[in-house]
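Chemist: Residue-level listing of the chains:
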Amino acid sequence: MRAARIRCGDRGQSGARRSIDWRWLFGLALLCLASGCKDPPFTDGLRPLPLLTSFDAIPREVDSLQPTFRWEAFPRTEDLKVDKAGRLAAARNTTYELRIWREEEDTPFFPAELVYARSGLTEPVHTVETPFASDTRYLWTIRARFELNGEPRVTDWGGMFWPGFGRRAEIPPRGYYLFRTPVR
Amino acid sequence: MATRLHRVRTYLTRMFRERSLGERAWHREATVNNPFGRSARLHLSLAFVAVVVITLSGCATSPDQRRLLLPPPPSEDLRSQLGRVRLSEGGMQTAALITAPAKGAGEGAARGAGLGAWYTIAGGSFGGPSGFIFGILLAPVGALVGAVVGAARAEPAARVEEKEAAFRVAMDGLKVPETFSRCVADRFHERTSTPGGRVSSDEPATTILEVVVEQFGLDGSGLEINPSLSFVLTERTRLIRASNGTELYGHWLTYRGRPRPLDDWVSRNHARLREETERACHELAERLVDEVFLVYLPRVEGGEAR
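Line order of the protein sequences matches chains A and B. Sequential numbering of the first sequence, starting at 0, is according to numbering that gives the first Met the number 0. Sequential numbering of the second sequence, starting at 0, is according to numbering that gives the first Met the number 0.
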């Protein structure tokens with residue numbers, strides 16, 4: 000299975016394609032400056048592979064209408080390191096949940112409509128089974144589901160969130176991973 | 000440190016006093032000797048814009064930070080002590096909310112004046128500290144222009160009130176608190192894995208899961224003439240020990256949908272409102288139950304709460 004090739008900030012061949020939203024980019028750049036531009040920034044939960052960079056407000060362009068998504072496997076080394084109670088060592092039956100939304104027109108990063116959802120994925124990789132619309136921006140996220148002492152547990156949904164701002168008490172989050180499908 | 004502070008003070012004093020007298024030569028010198036670094040003006044401008052952005056996003060204006068940030072989920076130790084959990088609606092404390100557009104030319108002019116002044120100052124700040132001061136000086140002109148535009152663009156008060164009344168009737172008809180309670184109950188039974196750990200309303204329980212809809216309605220910037228309004232639904236959840244009423248855990252969670260003009264909300268017999276209520280109930284209930292019973296954050300369990 001081959002991962003979809005991803006290009007950051009590539010405008011592609013179509014002049015009609017929606018351009019980068021500079022207002023959001025400017026805001027994220029400010030926040031990046033404020034936070035010291037740590038790398039990788041703005042992430043919570045599991046992260047996509049390849050790992051994000053500071054300016055992934057620009058949608059990653061996938062090269063297929065049925066892209067393949069890859070993400071970090073759970074538990075990560077960093078999870079085991081901070082899990083001082085050592086409970087994650089007892090985690091069993093890890094699976095993953097994947098959700099993909101169409102992005103709301105004119106409201107960047109707002110998940111408008113859930114178009115694809117899978118749960119029970121046993122590997123941190125998935126190729127979508129139904130084609131998406133071409134030249135469209137989508138948001139995706141993943142989380143791990145596992146069992147601790149027989150009880151179900153989940154991680155936070157993955158997304159780009161500002162460090163130091165805590166977990167926002169507002170849904171839907173405006174930080175899921177962004178991608179754009181190619182023109183067909 | 001003292002030397003640096005002295006240099007900063009001298010720099011600011013000279014910048015505001017001497018530049019206003021038109022000493023361009025000093026500006027060249029100050030740029031070289033600038034104690035903040037070579038791009039001081041850029042940094043100051045960026046800092047100002049960042050403060051504006053953060054303020055506008057609501058971070059600095061909310062009276063209660065706890066409503067903005069989720070606390071860590073209940074620890075595994077706490078979850079293991081919950082025992083038999085009963086869902087309780089916690090009484091009706093719901094407030095309907097609506098941020099209305101400007102009602103008539105008078106209110107439109109007032110809001111327009113505020114916006115005109117604000118945009119003039121904010122626009123000036125992109126030119127650095129001197130631009131910021133220039134913006135303040137020009138703010139009355141901006142306010143005047145804004146007042147004229149605001150008066151012209153505002154809808155008649157009667158028409159706005161009519162839409163507002165129709166919207167309130169539609170909200171009452173949807174019975175949002177009751178609908179949300181059903182969503183939470185469904186999710187509570189679906190997502191929690193131990194049927195023995197849940198009890199119905201007439202059975203004794205170890206822990207009460209109290210869920211209250213605090214407010215719902217349409218929210219937007221009350222400073223704009225015809226603001227875009229988002230459907231909001233805020234719930235308050237608490238885990239309470241049944242034996243002595245001690246609060247074991249609590250959070251606020253808000254659904255905030257996509258902003259739309261008021262006309263969109265009242266058109267098509269309030270279809271948008273029904274769709275958004277359904278989505279808010281579903282997503283909020285799911286997140287609530289996930290947060291209380293399912294989410295595991297390794298760094299919180301390890302004592303590194305965010």
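Keep in mind the hints are simulated off the structure, nothing from the lab. Where hints are given, some of them may not hold.
What the hints assert, rightly or not - When the alpha-carbon atoms are kept at most 20 Å apart in a straight line, the in silico EDC-like pairs for lysine to aspartate or glutamate are as follows:
(1) K83/A with D76/B
(2) K102/B with E163/B
(3) K80/A with E75/B
(4) K102/B with E177/B
(5) K83/A with E223/B
Said to hold, decoys possible - Stretch by stretch, here's where chain B covers chain A in the computed footprint (C-beta under 8 Å, at least three residues):
(6) 75-85
(7) 104-113
(8) 151-157
(9) 169-175
Note that the structure is predicted; figures quoted are calculated from it, not measured. By construction, the Cβ of each residue, glycine as well, lies at the ideal position given by its N, Cα and C atoms.
Chemist: None of the hints should be skipped; say for each whether it holds.
Modeler: Now for the hints, and whether the structure bears them out:
no.	hint	verdict
1	K83/A with D76/B	holds (14 Å)
2	K102/B with E163/B	holds (11 Å)
3	K80/A with E75/B	holds (18 Å)
4	K102/B with E177/B	violated (32 Å)
5	K83/A with E223/B	violated (50 Å)
6	75-85	holds (count 6)
7	104-113	holds (count 3)
8	151-157	holds (count 5)
9	169-175	holds (count 3)
In the structure shown, a violation is registered for the earlier hints numbered 4 and 5, in ascending order.
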